[in-house]
Amino acid sequence: MNKLMDWVSKPVGLMLIAVFLWMSYPPLVNQLLNSSSVLYVSAFAHSIGGFSTLIVAFYVLIIRDKIRILSLLSSTHIKKVAYYTGLAGLFSVLNHFLLYTALKSSEEFDVVAILVFETWPILFFIIDSKLRKEKRKITINDYIFTGAAFAGFIILTIPNLDFADILLLNSPMINTIFLAALGGLAMAITCYFRMKNMDVWSDLSTSQQIPINSFRRGLLTEAGARTISGVILTIILFISGEKVAFPETSTLFLLLFVGIFILAIGGLLYDLSVFSADSASVGALWYLMPVGAIAILALMQGRLINQYEAVASVLIVSSNIFLALRYPLKSSLLFLFVSICLIGIWILFAPILPINNYYSLLSVSTIFFVLLATFALERATALNREKEDLLVEFNEQVTILMERIADTDKCEYFKLYAQEIRLYTFLNLHSFIRAFRDISHLRNIQKKVEKLKQSMLFSSIQRDKEIREYLLRLFKTGDKLQTMESDRIAPEEFIILIFLGTANIFFSLVFRPESLSSGLFSLIVTASIIYLLLIIIERDKNTQIRHDHALNVKSIVKYLEKYEDLEIINESAKLEHEIRTTLDINSTPQKTRSYSYWTFSVFVIIFLGFGYSFFYSSLKQNQLFENSPLSLVDNKKNIQVNIALLDWPSAQIKAHILKDIINKHTELKASTVPISSVVAFKQMDETKGMIDIYPELWVENNKKLIRRYVNAYGTVSLGKTSVEGYQGLCYTSFTDRENLFSEKDFLSEKVAHLFDLSGDNKGNIWIGTDGWDSTKIEKRRLAGYGFDKYYNFDVYDIEVMKLLLKRNNEKKVPTLFFCYYPSDVFMDKNVYFAKNTKHDKNEWKKIMMNKDINSLESSTSWPTTNIKIAFRTSLIKDHKELNLLLNNFYVSNDDLIDMLSMIKKGKSIEKVSKDWIENNNEKILEWLIGFKFKKDKI
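Those letters in the sequence shown? Residues 852 to 1789, per the working numbering, in order.
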């Protein structure tokens, strides 16, 4: 238990608790903003958070610790505290107000605003490290891992971010992103000023010799900033004139949780974690928060996380593990980490050019690469092993020789001798650990070695034969160490290896089949090739010095420190400095079991995450099953055109007519596929999507889809011909006053009572089917009139509505419902269109842009809309025979009403469609040839 508490009190533990609390922030804010305004939520939550923090600060500092805070503050300190506290509170107001405004400005709650806002830890990491902790070193690893976490954030936004907004530059989504980004910058600045404030309290603690520890400093800072922000927001709320009502029980509970546990406690724990950490990079752990939020939102929606969320989670979690644990990865593992992340992202997003003999082509080149790489790796390993053995022998001979010189009676005669041996040793160690800058530097070192050998040998001939024998043994070992550099792998051999490895990577990524197994195979093959090349280069260049060999080199350097002379101290000192510097940079720390487990675990997480994303993509695209890699059989599918079979009768009639025309008059095979509108457009957007034609598009109801796929992406096109459609409220009446109702006539309790089907004293209106864009629009439109005060808005399938209409007609019970023309409901003599007011474009714009039905105070009628056909743009490029047909196709409303009437009488849609084709052969021929026949003269 004590160990657990010790861990929790550390920066990483504090940060993880804060992250856990903030994971619930997006869904809770979503819930609150759906029922309340921006000012209401922000003012109440921040006031609760500030008050809670203030109570904790008062108890801990005043009551428990009995610290007289105000008496400790000199005029200088109180100015600094007030200055930084005021700025922190002001920017806290700004960042949360921008965040909530960003959420409110989007047409529906979107986690994109939260995720864009969460760029602030990276911004704070940069600001804090440069301005407040400039003396603390930021390594390249910090930037790489933080960059990987930021890349994960980018990928996390892909399923939510509509790139049509970026292409068209005229959508509220851009405003949402811009506001959230400004909020993130304001949040980073807020945290910076909080840290500055904590620094002031730290200076005060030192100067006054009062134990104000990190917890107390954080508590003082949080209490001041939260209180100021709460006061400012409350003042703004009352100045705005907005009605302030006491919240409902559920809303009050959520506000208390957000204010106390998230804003107060969560914010305090975050500040304490960052302030007490050795580096601001611990703030990168914050990116676990959006990952957790995504998981919570996915579970609440009853779904699995998608491929984007999986990859983002892998990048964020793996980066943060390395950042938090601060394990110094050697260069090969760091490069491998970056490579795997980039390759996995490439496999998910980059286009491919699959070939039939992919596995055969790759297997041949891989075999050649493995053979050459194995030979090169064995050669480099054997060379290093021999060199390491020579180091032990060299160190032993240096020690024996120096001890022999020290024991001689003529020590003053051999004093210069010892210094020359010391210099000779440094020169050889310098070459052994590759401390030279380049090859020319190495050549100069080797020349100095040869010159020094000649000098010592000449002196030994005249003085001492025994010393000469020891010198010859030392020189023999030293010569072997020097010549080792010539035995390394030649550059041209490396070029062959790199070229063959690059070719394998290119083939495995670009020409792979579109399947789960090939995606995993490509990731494993490319990662293995890259790591094998890195290991060969690392071992050949000896860029990483093993821990035990570094100790041997340091030991002999330390041993030689007692043999110093002022005449040659400068050159020896320079060599010694370069040796020590190289050892500090390139020597690997002694690997612990924990280090190995964590490093291995992180790479397992990376592969599992990308594997899951490939699996999810395969399920989505039906790519999970494929032929054996050894099979060279080419199974080509018949060219098929798939037409969306939507869930309303007029669209189904047109789908069957198109199918029959294509099957009869072209060599293509057409079929219908039951599908919803949104999914159909997504499928038409994909290169190999299952839908090619959308038979009936109500333009006014589908502005979002048209804007994205037609105007921005250009992957979907609209036919050139159209018919008009009408929408609004319809009702059934069994009296003589059927023509007296306009839409506003329904706005009374008396009339609403006529349409009360459930007995709750409110009328019932069917506003559409779940999934129709028109359903959401109609709900807002009717709410603008005030229908929500008198009626319940019912949503269920259109076929269920028809059953209800039939039941009510039999019982002479009036029905009120959303309707559109052309539709088979107008075959019913008791159905009437409610009279509409003149369409107002400005009012309609408000309806289309506003998601909150409570904010609409007026409304207008539906505009007359065009009904067109939509189709995949590439379809008419690949099959030009469809160009004229799709651009000229239309079915008149009168014809549709006739066909709907026949279906209602018992004929099947297929039979009605075929009959229409037989009766309109000349019109179809005109569509196919592209012009109308001239009228015959009478």
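It should be emphasised that the hints constitute simulated quantities derived from the structure, not laboratory data. Please note that a few of the clues may not be correct.
Cβ-Cβ distance ranges computed for the label pairs, FRET-style [as the list claims (entries may be wrong)]:
| hint | residue 1 | residue 2 | range |
| --- | --- | --- | --- |
| 1 | Glu1317 | Asp1240 | 18 to 28 Å |
| 2 | Gln882 | Ala933 | 50 to 60 Å |
| 3 | Ile913 | Leu1193 | 53 to 63 Å |
| 4 | Arg1431 | Ile1290 | 21 to 31 Å |
| 5 | Gly998 | Phe1089 | 37 to 47 Å |
| 6 | Thr1225 | Ser1406 | 48 to 58 Å |
Below, a list of computed lysine to any residue pairs in the SDA-like style, where the Cα atoms sit at most 25 Å apart [what the hints assert, rightly or not]:
| hint | residue 1 | residue 2 |
| --- | --- | --- |
| 7 | Lys1613 | Lys1640 |
| 8 | Lys1765 | Leu1519 |
| 9 | Lys931 | Lys981 |
| 10 | Lys1302 | Gln1333 |
| 11 | Lys1783 | Asp1746 |
| 12 | Lys1554 | Glu1708 |
| 13 | Lys955 | Glu1708 |
| 14 | Lys1785 | Val1763 |
| 15 | Lys1601 | Gly1637 |
| 16 | Lys931 | Leu945 |
| 17 | Lys981 | Phe1004 |
| 18 | Lys1302 | Leu1241 |
| 19 | Lys1595 | Phe1684 |
For glycine and all other residues, C-beta sits at the position ideal for the given N, C-alpha and C.
Structure-based check of each hint:
{"no.": "1", "hint": "Glu1317 x Asp1240: 18 to 28 Å", "in the structure": "holds, 26 Å"}
{"no.": "2", "hint": "Gln882 x Ala933: 50 to 60 Å", "in the structure": "violated, 36 Å"}
{"no.": "3", "hint": "Ile913 x Leu1193: 53 to 63 Å", "in the structure": "holds, 55 Å"}
{"no.": "4", "hint": "Arg1431 x Ile1290: 21 to 31 Å", "in the structure": "holds, 22 Å"}
{"no.": "5", "hint": "Gly998 x Phe1089: 37 to 47 Å", "in the structure": "holds, 45 Å"}
{"no.": "6", "hint": "Thr1225 x Ser1406: 48 to 58 Å", "in the structure": "violated, 35 Å"}
{"no.": "7", "hint": "Lys1613 x Lys1640", "in the structure": "holds, 8 Å"}
{"no.": "8", "hint": "Lys1765 x Leu1519", "in the structure": "holds, 18 Å"}
{"no.": "9", "hint": "Lys931 x Lys981", "in the structure": "holds, 21 Å"}
{"no.": "10", "hint": "Lys1302 x Gln1333", "in the structure": "holds, 14 Å"}
{"no.": "11", "hint": "Lys1783 x Asp1746", "in the structure": "holds, 19 Å"}
{"no.": "12", "hint": "Lys1554 x Glu1708", "in the structure": "holds, 23 Å"}
{"no.": "13", "hint": "Lys955 x Glu1708", "in the structure": "holds, 18 Å"}
{"no.": "14", "hint": "Lys1785 x Val1763", "in the structure": "violated, 28 Å"}
{"no.": "15", "hint": "Lys1601 x Gly1637", "in the structure": "holds, 15 Å"}
{"no.": "16", "hint": "Lys931 x Leu945", "in the structure": "holds, 21 Å"}
{"no.": "17", "hint": "Lys981 x Phe1004", "in the structure": "holds, 23 Å"}
{"no.": "18", "hint": "Lys1302 x Leu1241", "in the structure": "holds, 22 Å"}
{"no.": "19", "hint": "Lys1595 x Phe1684", "in the structure": "holds, 13 Å"}
Checked against the numbered hints listed earlier, the structure breaks hints 2, 6 and 14; every other hint is satisfied.
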